[in-house]
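If you want the building blocks of each chain, they are given just below.
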Amino acid sequence: MSEEHSNPQENPQPAANPNPQNPFPPQNGGFGFGMQQSLPNATVVLILGILSIVTCCCYGVIGLILGIVALILSKKDKALYLANMAYYTESSYKNLSAGRVCAIIGLVLNILYLLLCIAFIAMFGIATLSDQDAMKEAIENMMK
Amino acid sequence: MKATLLLFCLVLLSKGAGIIHWLEHHLLTCPFKHLTGLDCPGCGVQRSILALLKGDLVASFKLYPATIPLIGLLAFSALHLKFELKNGAFFIKFLYIVVTLIIVSNYIYKIFTHQLI
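Sequence order for the protein chains is A and B. One point on numbering: in this note's numbering, the residue at position 8 of the first sequence is 6, and numbering is uninterrupted. Numbers given in this note's numbering equal positions in the second sequence, counted from 1, plus 47.
What the hints contain is simulated information worked out from the structure, not anything from laboratory work. Mixed in with the good hints, there may be bad ones.
Stated by the list, open to error - In the BS3-like style, the derived pairs of lysine-lysine whose C-alpha atoms are separated by at most 30 Å in a straight line are:
| # | chain 1 | residue 1 | chain 2 | residue 2 |
| --- | --- | --- | --- | --- |
| 1 | B | Lys133 | A | Lys74 |
| 2 | B | Lys129 | A | Lys73 |
| 3 | A | Lys134 | B | Lys157 |
| 4 | A | Lys73 | B | Lys133 |
What the hints assert, rightly or not - Taking beta-carbon pairs under 10 Å as the criterion, some of the chain A residues facing chain B (in silico):
| # | residue |
| --- | --- |
| 5 | Ile48 |
| 6 | Lys73 |
| 7 | Ser89 |
| 8 | Leu94 |
| 9 | Cys115 |
| 10 | Ala120 |
| 11 | Phe122 |
| 12 | Asp129 |
| 13 | Met133 |
Virtual Cβ for every residue (Gly too), placed ideally from N, Cα, C.
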């Protein structure tokens, strides 16, 4: 109970009080006056999450891989941050959660696109798809 | 680092037309377009970037509306990672959602106006 109260107050303190000569009382196992680290994979997750939508061309496969990797990394880091909040900076956690949201959106879009490709191949077949005229004919038949 | 950037800008200025000409004749073919003859959600982005390099904002928007926000998103996230802006993560999330909405609605618009082929 006391830890939950102390955490939100403790995080802004290193920025407000940069003087290392005057450490505030260590509350979370002595981590209080140490340097706060950024999460190890926060930047990577953010970049992968953004790239997962940029590479949506290519049947959605590349974006799918990037999104899944970003989600797995973010899950690990989130557990790490929740384990000891005072040790990692809050801004890197914000980056991590932004990257996570981006990765989820990118992943959903890529899965939809992949399903669309599979549906196209299942509906028309590769032989029709690779022939432009036959493709137009098939679409015109479908529109009727 | 600064010198490299300056050199890059000089090359772009002096041989700009040459680079654009080279890019115009070396566009990558979309595999989905190659297979089906239909546009994929990302089709038009290369032409749009070329139009942007020529300075034609309207043509760039018409070819692919999401290009300018997308470049803005990439530039802003680079700035945010370098300088750790306040509330930067929130703006990245916001811009990302805007870009996705533009891409999806553009694709749906293309389907209903029969611009895919």
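Hinted pair, alpha-carbon criterion (30 Å max): Lys129 (chain B), Lys73 (chain A). Please report holds or violated. holds (24 Å)
Ala120 (chain A) as an interface hint toward chain B, with CB separation required under 10 Å:
violated (13 Å)
**Study point:** Hinted contact Lys73 (chain A) with chain B - closest CB pair below 10 Å
**Key:** violated (18 Å)
Once the shortest beta carbon distance from Met133 (chain A) to chain B is found, is it less than 10 Å? holds (5 Å)
Point to revise | Interface hint for Ile48 (chain A), Cβ within 10 Å of any Cβ on chain B | key: Cβ of Ile48 (chain A) sits 6 Å from chain B, so the hint holds.
For a C-alpha distance cap of 30 Å, please report whether Lys73 (chain A) and Lys133 (chain B) respect it. holds (24 Å)
Double-check Leu94 (chain A) for me: the hint is only fine if its C-beta lies closer than 10 Å to a C-beta in chain B. holds (8 Å)
message: Check the hint pairing Lys133 (chain B) with Lys74 (chain A) against an upper bound of 30 Å on the C-alpha distance.
response: Roughly 25 Å separates the two Cα atoms, so the pair holds.
| request: Take the C-alpha atoms of Lys134 (chain A) and Lys157 (chain B), compute the straight-line distance between them, and say whether it is at most 30 Å. | output: Within the cut-off at roughly 16 Å; holds.
key: Residue hint Phe122 (chain A), partner chain B, criterion CB-CB below 10 Å   = Since the shortest Cβ distance to chain B is 8 Å, the answer is holds.
* **Minimum beta-carbon distance criterion (10 Å), Asp129 (chain A) to chain B** => Result: holds, 9 Å to nearest chain B Cβ.
Interface hint check: Cys115 (chain A), Cβ to nearest Cβ on chain B, cutoff 10 Å. Holds or violated? Holds. Min distance 7 Å.
Violated hints for the displayed structure, listed by number in ascending order: 6, 10.
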